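Asks: Sequence:
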Amino acid sequence: MEIKKKYSNGEVTVVWQPSKCIHSAICFKNLPTVFDPKKRPWITLEQEETKNIVEQIKACPSGALSYFMNDENNQESQVLENTIVEVLANGPLLIYGNLKVKDKDGNETMKSQTTAFCRCGASKNKPYCDGSHVKIAFEG
Numbered sequence: 001m002e003i004k005k006k007y008s009n010g011e012v013t014v015v016w017q018p019s020k021c022i023h024s025a026i027c028f029k030n031l032p033t034v035f036d037p038k039k040r041p042w043i044t045l046e047q048e049e050t051k052n053i054v055e056q057i058k059a060c061p062s063g064a065l066s067y068f069m070n071d072e073n074n075q076e077s078q079v080l081e082n083t084i085v086e087v088l089a090n091g092p093l094l095i096y097g098n099l100k101v102k103d104k105d106g107n108e109t110m111k112s113q114t115t116a117f118c119r120c121g122a123s124k125n126k127p128y129c130d131g132s133h134v135k136i137a138f139e140g
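Residues in the sequence shown are numbered consecutively from 1, following UniProt numbering.
What the hints contain is simulated information worked out from the structure, not anything from laboratory work.
Fair warning: there could be bad hints in the mix.
Cross-link-like lysine-lysine pairs, in silico, PhoX-like; alpha carbons within 25 Å at most [stated by the list, open to error]:
(1) Lys102 to Lys6
(2) Lys5 to Lys58
(3) Lys5 to Lys126
(4) Lys5 to Lys29
(5) Lys51 to Lys4
(6) Lys135 to Lys38
(7) Lys58 to Lys39
(8) Lys4 to Lys38
(9) Lys104 to Lys124
(10) Lys5 to Lys38
(11) Lys5 to Lys111
Have a look at the derived ranges for each label pair, beta carbon to beta carbon [stated by the list, open to error]:
(12) Asn52 to Asn107: 33 to 39 Å
(13) Gly106 to Lys38: 41 to 47 Å
(14) Glu55 to Phe117: 21 to 27 Å
(15) Lys29 to Lys5: 18 to 24 Å
(16) Trp42 to Val85: 17 to 23 Å
(17) Glu49 to Lys4: 23 to 29 Å
Since we're looking at a predicted model, the values are computed, not measured.
Built from N, CA and C at the ideal position, the CB exists for glycine as well.
Turn these sequences into a full structure, and let the hints steer you where they fit.
Replies: Written as structure tokens, this is what we have:
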């Protein structure tokens with residue numbers, strides 16, 4: 001069973017799925033008042049405005065972080081009407097939006113928010129990025 005941890009400030013609930021995290025560090029570099037990997041719990045929402053928390057979660061390249069507004073009947077967020085593709089320098093291919101991923105065996109998985117696809121070829125979680133590009137000093 002996949003682990004999902006939830007953190008709430010009463011207005012928004014942040015959902016963290018550690019198995020999806022590629023440790024890009026974008027969350028705590030850009031919003032250290034909320035995300036601090038040296039603390040337990042590492043996510044604390046009380047020191048930041050909800051809109052800033054939501055914007056930072058939308059920037060998560062792996063989709064390990066998601067959110068839902070507590071007044072939306074606990075529906076995890078679906079973001080963006082349009083799909084956006086971004087190539088990160090020396091990193092993964094990021095797809096923002098809702099998409100269906102079909103694996104080599106024909107199994108389909110629905111993805112929303114941000115999905116990071118491996119470009120370096122070293123990921124042990126293909127087609128998804130697992131952060132291996134950093135270890136192998138991928139350039140691209």
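Asks: Next step is simple, just say for each hint if it's right about the structure.
Replies: Structure-based check of all given hints:
1. Lys102 to Lys6: violated (28 Å)
2. Lys5 to Lys58: With Cα atoms ~17 Å apart, Lys5 and Lys58 stay inside 25 Å; holds.
3. Lys5 to Lys126: Between Lys5 and Lys126 the Cα gap is close to 24 Å, so the pair holds against 25 Å.
4. Lys5 to Lys29: Since the Cα atoms of Lys5 and Lys29 sit roughly 21 Å apart, the hinted pair holds (cutoff 25 Å).
5. Lys51 to Lys4: Given pair Lys51, Lys4 holds - Cα atoms ~22 Å apart, limit 25 Å.
6. Lys135 to Lys38: Measuring from Cα to Cα gives roughly 22 Å; hence the hint holds.
7. Lys58 to Lys39: holds (22 Å)
8. Lys4 to Lys38: holds (19 Å)
9. Lys104 to Lys124: This hinted pair holds, its Cα atoms lying about 15 Å apart.
10. Lys5 to Lys38: holds (17 Å)
11. Lys5 to Lys111: Judged against 25 Å, a Cα distance of about 18 Å means the pair holds.
12. Asn52 to Asn107: 33 to 39 Å: Given range 33 to 39 Å: holds, Cβ gap about 37 Å.
13. Gly106 to Lys38: 41 to 47 Å: holds (43 Å)
14. Glu55 to Phe117: 21 to 27 Å: Hint holds: Cβ distance 23 Å, inside 21 to 27 Å.
15. Lys29 to Lys5: 18 to 24 Å: With Cβ atoms ~20 Å apart, the hint holds.
16. Trp42 to Val85: 17 to 23 Å: Since Trp42 and Val85 have Cβ atoms about 30 Å apart, the given range 17 to 23 Å is violated.
17. Glu49 to Lys4: 23 to 29 Å: holds (24 Å)
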